[in-house]
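Asker: Next come the chains, spelled out residue by residue.
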Amino acid sequence: MWKTVYLEKSLKAYLKTLESDSVVHGLLLGQNSADSDFIVHLTRTQIPKDSPNTVYPLKQISYIREEWIIDHIRNVIQMLPGGMSVLGLFFVSKSDVFGNSTSVNTLKNILLAVNKFITQNEYYFVDSFSTQKLVLHYTNDSELICKRFTSSQNGCFFDPVEFVIANTTWDRISCFYDFEHLLPVYVKSISNAILHDKIMEILKYVSKSVKESVLVFNGEIRNSKELIKNIKEKLNKQISQNISHSESTTQILVDLYAPCVQQFPCESSQTSDYMAELKCYGTLCSEVYMHDKSTVADAVKAVKEDIIRSLYSRLIMHCNSLLEDLNTSSPDETKIIHEPPRRISVLLPYSKVRFTDYLFPGEENLSTLPAREQLDINNIDDDRKLYEPLEVETDAAEFYNVDSPTSLVTESSETRKSYLHYVYSLGVIILVLMIAIIFQYFSSKR
Amino acid sequence: MSPKLKILDVVVRRLKERKSPFLGELYGILRNDYLIILSFVLKYTEEQNESKYQISENNFPTEVDLYGVVNCSQHLQKYEKNLPLDVKNIFQDVVVSDNPVLLNYGYLEKDNNVRAFFYKNGTATECSYDVLEESEIWKLFVVIHLHIPVNFICCNSAKNKEEFMTKFTKKISSGSAMFHIEDSDVYLTSSNADGMCEDQDVGDVLCKEEPALSPLTMYLKNIPESKTPVIIDINTLMKTTCGKLNENSPKRALAIQHVTKNFEGIQGCLRLDSLILFQRDRSEKYLYNALVDSVCRTMRLMKRSFFLHDNIVPEIHHFYPTNLAHFVTLVYPNNVKDDDFTDTRKYVHSKFNLPCDVPLFRRNNVFAFTEKKISVQQLMNVHEGLAPSGVNGTPSIVQGNYLYYHYTHGNTNDSGWGCAYRSLQTLFSWYKLQGWTDRKVPTLTEIQQVLVDIKDKPKTFVGSRQWIGSLEVSFVLDTLINVTCRVLNVQQGESVAEYSHDLANHFKKHGTPVMIGGGVLAHTILGVDINDENDVVKFLVLDPHYTGPDQLSTIQSKGWVGWKNPDFWKQDSFYNLCMPYRKIGV
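Respectively, the protein sequence lines represent chains A and B.
FYI, the numbering for the first sequence is 1 to 446, going by full-length UniProt numbering.
FYI, the numbering for the second sequence is 1 to 586, going by full-length UniProt numbering.
One should not assume that every hint holds.
[Said to hold, decoys possible] Stretches of chain A that chain B covers, calculated by requiring three or more beta carbons in the stretch to come under 8 angstroms of a beta carbon on chain B:
#1 32-46
#2 216-224
#3 251-257
[Stated by the list, open to error] Below, computed lysine-lysine pairings styled on DSSO-like, alpha-carbon distance capped at 27 angstroms:
#4 A:LYS232 with B:LYS251
#5 A:LYS279 with B:LYS110
#6 B:LYS508 with B:LYS19
#7 A:LYS234 with B:LYS285
[Stated by the list, open to error] Short, incomplete list of chain A residues facing chain B, as computed with Cβ under 10 angstroms:
#8 ALA13
#9 VAL185
#10 ILE190
#11 ASP197
#12 ILE199
#13 GLU212
#14 PRO265
#15 SER268
#16 LYS335
#17 LEU390
Derived by calculation from the structure, the hints in this document are not laboratory data.
Remember, it's a predicted structure, so these values are computed and weren't measured experimentally.
Built from N, CA and C at the ideal position, the CB exists for glycine as well.
Could you build all of it, start to finish, from the sequences and the hints given here?
Answerer: Put into structure tokens, the structure is as follows:
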């Protein structure tokens, strides 16, 4: 039986707006499951302006370069919540993309490159990548053709699919991964390279632990074949029966339980001299969206993928921003707070699903965020509508211990802001104190 | 209504063996409407280790608690209203029951009976009781074996380590753990335990919705009845998420605090293994709470241990001495040899009123949780289950456990020359299983090397296929584990029967297996059955010449272990018997 592909209704109208004389192409983003694929968003791939040997305007598929697609996927993948993936490619053109062998070969090469990229990025795609890809062609006479690309040892094929244009109901599942349960990492010497390695060790540990975890849905272990829809219905029913509960409890909330496994040797304890300690704080807010036919097993995969993908994305961004060498010469104890960017959710124009972007500490100008461009969102003008923060910025002052002679440095783009925040707080305290003294003075006089 | 009382037969037996006065604490377990007394621990002993090592409910499986007092004196005490202060003090420590139990035994009394009382409203009222056999316990309870490897990394100071342990215990107590019965789909979360739901408003509705038969009930129902402890392994998972989002306190994003300072750190892993005596028909809620409680108990044992003060990892050991018929959990320091804390063990023996001539709490005496799996590869005590010898005499047989070593064991092809080596291995295994040595049972080559090292044999002996005899067996036992052997020379095979009383005495006094070598064959004697009236004798012989797989049924039915007549020993051969002496001590 053919897998069914669902396309959100308004996306067809959107495709019509893309009609032009040249070939328009981009990524199909959405969710795949055992028997269906759900396309929730289309994003055009920008052609780099300085790309050599490019013929403008693009009149043929064969002019498309695979590195444009891969670069676009590399940028977009960080913006996908777990369970969402690059389902394939779309084209809007006059000529039939499946019509001649040159364009079919180009397509095959690009799709093979996409599959290669996906299989090489274990932290982005956790056990859920599909090597089958969709190709959607919108001809200028409003005809939609969709085919499924399969690569196997026997070769590459395009098979027909059952194509349905319909709106999908999405259920949101939330999870709050707590970093404070992680043991600290002790470091024997300090350098940027070591710091990078240690941060990656944290990622590796979390990734393994999350993959092995058991998930509990609103306090209950569920059968892997149960539909998410049923859980939601059950929650709604319970709310309607018990009005004392607030609206928020209709939310599907999962908790992760990681198996206790031996990490260090049991036979003896080891003592060593160390130079530094890394300790994680805070929470990773995970939000995944599941289509209305998805099962508990699908959701488990998606939540796990989301946590690992989001952690990897922000740690990579943070490590890339660590340009200056760490100061290791100071004889005194120093504290640095590493603040990887925090997660914000991105509204999609044609679906209830929300994607993700990351905001560096102190970054206030939302218009600089790459999501609008990479996801090709043009019809939501207001940044405050488009973006919604999921996590709040770390309060660096919380880490400041007044009893210790530790100096505090915040490893983020806006150290000054934290400092000002601290001075501001201090000012407010002094003011309140002064008012209290004055009040006390006058009341005693009376 | 006071619960009915049942007392484990071993407790009555232990009491009746006592011939001096003592005051003891009674430990038991409550099952529905009756109380089962499982053990007693002497309140005061002559050993001086009292302050360093205590025996309390923490040393028993969870669910076993202090339930009262046992008073053993020359004559039965009259208890009506005025209880001695010592007894009252122990009663005050009984927190799990309002009606503590008092057992009273006078070892000079003619009727030799143990009398039981329930103490209620300031009055001790005598009650009747049933005596329960050990096997009855295992029809009612299963043993839950909880495993938690607790990784730790912290600054190397007692304060930091203590903080770490306290934090972990708090985490478990707050319902952050999920427990999973190994090889099953039974998971237990805090939702199973009433009043422990962290996210009550989210989960409590679902918590109440229980299927007709819960997975745990189904699981326990499928466990067949047993006369010995049935072990259920449970693994632990820890919550790594923080429940629902509170609108008032939004979640702070990930931050990594990087502190640069010079310090000494310590890392390792504590194996937090604990036991629960769990009633077969209890619910999830009960089990979850018992599991949490067991972690707290084990942490208390660990905290008292050496971990906080030195770079020592405490090791948890569970023992099941046959003369107690219940589990005892003790914590030993990982890097101290058994011989270096004999005093501690003596103290434990004295607390349980156990004789100090046989080790029961050495590391090698631990309850073999995994040995059941190992025993598939190697058989233990293969004579057990054999029919009686048929002579209707007084049998004297080996005391304690041994392993059956035979030709080709461990893929060594020793057919035709290794029988005495195999007999020696069986003898050695007895000392190992009784806890006398940590050494592995020596291989055939290692045995040869020992004989070369002590200059009994030339260097070319190692790797050869030369036989050894009883004398060599005694040399090796002496060299490796300092065991003295009596070597008995018998001129004719037929005369072995003449030494049957010597053998009977040996088995009564020492209880070790005996190696016998003669002609071209070596065997192991495990026992002797003598009927003096009819002048008949039979020997329980373990034959090391067996080359087949370790199948008990084959070994017993084909006579590789069995009762043999005196003509088993050949008349024209002379025999040497190597009779190892057991050691005395703990």
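Asker: Against chain B, run the beta carbon of A:ILE199 and see if the smallest gap drops under 10 angstroms.
Answerer: 7 angstroms, holds
Asker: Does the interface hint hold: is A:ALA13 within less than 10 angstroms of chain B, judged Cβ to Cβ?
Answerer: 35 angstroms, violated
Asker: Is the interface hint for A:ASP197 satisfied, with its Cβ closer than 10 angstroms to some Cβ of chain B?
Answerer: Violated - the Cβ of A:ASP197 stays beyond 10 angstroms from chain B, reaching only about 14 angstroms at its closest.
Asker: Regarding the hint that A:LYS335 lies at the interface with chain B, is the smallest CB-CB distance below 10 angstroms?
Answerer: Check passed: Cβ of A:LYS335 comes within 5 angstroms of chain B, closer than 10 angstroms.
Asker: Please verify that hint: A:VAL185, Cβ, nearest Cβ of chain B, below 10 angstroms or not.
Answerer: Because about 8 angstroms separates A:VAL185 from the closest Cβ in chain B, which is inside the 10 angstroms limit, the hint holds.
Asker: Tell me if A:ILE190 is really an interface residue toward chain B, meaning its C-beta lies closer than 10 angstroms to one of theirs.
Answerer: 6 angstroms, holds
Asker: Take a quick look at whether A:LYS279 and B:LYS110 sit within 27 angstroms of each other, Cα to Cα.
Answerer: Outside the cut-off at roughly 71 angstroms; violated.
Asker: Answer holds if the nearest beta-carbon of chain B is closer than 10 angstroms to that of A:SER268; otherwise answer violated.
Answerer: Result: holds, 6 angstroms to nearest chain B Cβ.
Asker: Hint check: is the beta carbon of A:PRO265 less than 10 angstroms from a beta carbon of chain B?
Answerer: Interface hint status for A:PRO265: holds (6 angstroms vs cutoff 10 angstroms).
Asker: Using Cβ atoms only, decide whether A:GLU212 comes closer than 10 angstroms to chain B, and label the hint accordingly.
Answerer: 9 angstroms, holds
Asker: Can A:LEU390 be said to touch chain B, with a Cβ gap under 10 angstroms?
Answerer: 8 angstroms, holds
Asker: Would you check chain B against the segment 32-46 of chain A, counting CB to CB pairs closer than 8 angstroms, and say if three or more residues qualify?
Answerer: Coverage by chain B is violated for the segment 32-46 of chain A (0 residues, Cβ < 8 angstroms).
Checked against the numbered hints above, the structure breaks hints 1, 5, 8 and 11 and satisfies the rest.
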